[in-house]
Amino acid sequence: QQKVQQSPESLIVPEGGMASLNCTFSDRNSQYFWWYRQHSGEGPKALMSIFSNGDKKEGRFTAHLNKASLHVSLHIKDSQPSDSALYFCAVLSGGNYKPTFGKGTSLVVHP
Amino acid sequence: EAAVTQSPRSKVAVTGGKVTLSCHQTNNHDYMYWYRQDTGHGLRLIHYSYVADSTEKGDIPDGYKASRPSQENFSLILELASLSQTAVYFCASSESSYEQYFGPGTRLTVL
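From first to last, the protein sequence lines are chains A and B.
If you read the first sequence in the numbering used here, its first letter stands for residue 109, the second for the next number, and so on.
If you read the second sequence in the numbering used here, its first letter stands for residue 39, the second for the next number, and so on.
Derived by calculation from the structure, the hints in this document are not laboratory data.
You may find that some hints are simply not true.
[Stated by the list, open to error] Distance condition first, Cα-Cα at most 20 Å in a straight line; then the derived PhoX-like pairs of lysine-lysine:
no.	chain 1	residue 1	chain 2	residue 2
1	A	Lys206	B	Lys49
2	A	Lys206	B	Lys56
3	A	Lys111	A	Lys175
4	A	Lys175	A	Lys153
5	A	Lys165	A	Lys175
6	B	Lys95	A	Lys111
7	A	Lys211	A	Lys111
[As the list claims (entries may be wrong)] Far from chain B, by Cβ distances over 12 Å, these chain A residues were calculated:
no.	residue
8	Phe169
9	Thr170
10	Val217
Virtual Cβ for every residue (Gly too), placed ideally from N, Cα, C.
Let the sequences and hints guide you as you build the complete structure.
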């Protein structure tokens with residue numbers, strides 16, 4: 109059964125700083141990787157996806173995938189207080205429509 | 039924009055009572071999911087469905103039933119609510135392995 113672990117559990121960064129979130133998975137057949145963000149009192153919303161090894165950049169957000177190392181990460185550049193939220197990593201294997209979520213990383217960006 | 043709505047938004051139930059949580063999507067997505075969120079556990083999959091009139095067990099199905107009477111509607115049923123089922127419940131829809139669209143959540147308290 110797929111296991112997805114996220115680290116750190118919580119992270120505090122200053123405004124304008126870099127936040128780095130990590131996610132490891134256990135199934136080498138994993139193909140689809142998503143990052144979700146959940147603000148307090150709301151449902152999670154998809155932030156970005158990455159399906160191929162390497163980097164994918166969208167604005168201040170960069171995802172990195174290394175399937176051989178079973179590792180995916182999210183880096184937030186120039187962090188803003190509005191980035192304060194719970195971040196989830198979600199992993200899916202090909203042909204399996206059951207995503208597995210990590211337990212999340214709580215990010216606090218202080219002004 | 040894709041939309042998933044849930045009702046009720048909050049509910050207080052008594053131990054041993056029956057609870058039905060409802061979800062409606064206007065995305066025309068085939069896949070629908072029920073998750074529960076507890077502090078420290080992230081999002082855990084209870085049941086999911088990929089077609090009307092069919093449901094599948096997720097990772098933590100015990101104590102829950104699901105019903106998908108149409109493509110748009112997906113219900114989660116707690117026949118005999120227990121204290122341990124106090125949590126926030128999220129419904130989501132998606133198209134195969136793509137982005138999941140979450141509803142706003144239902145906060146369930148079992149007393």
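Hint by hint, here is what the structure shows:
Distance hint between lysine 206 of chain A and lysine 49 of chain B is unfulfilled; the C-alpha atoms sit about 27 Å from each other, more than 20 Å. For the hint linking lysine 206 of chain A to lysine 56 of chain B, the alpha-carbon distance of about 27 Å lies beyond 20 Å, and the restraint is violated. About 14 Å separates the Cα atoms of lysine 111 of chain A and lysine 175 of chain A, which keeps this hinted pair within 20 Å; it holds. A hinted pair counts as satisfied when its Cα atoms are at most 20 Å apart, and lysine 175 of chain A with lysine 153 of chain A does not qualify at roughly 24 Å.
Distance restraint check for lysine 165 of chain A and lysine 175 of chain A: the Cα-Cα separation of roughly 18 Å lies within the 20 Å cut-off, and the hinted pair is therefore satisfied. Restraint check for lysine 95 of chain B and lysine 111 of chain A: the C-alpha separation of about 18 Å stays at or below 20 Å, so the hint holds. Simply put, lysine 211 of chain A and lysine 111 of chain A have alpha-carbon atoms about 11 Å apart, close enough for the 20 Å limit, and the pair holds. With a cut of 12 Å on Cβ distances, phenylalanine 169 of chain A stays outside the contact zone with chain B, its closest approach being about 15 Å.
At roughly 19 Å, the least C-beta separation between threonine 170 of chain A and chain B is larger than 12 Å, which holds for a residue marked as non-interface. The claim that valine 217 of chain A is not at the interface with chain B holds, since no C-beta of that chain comes within 12 Å of its own (minimum 21 Å).
In this structure, the hints that do not hold are numbers 1, 2, 4, in rising order.
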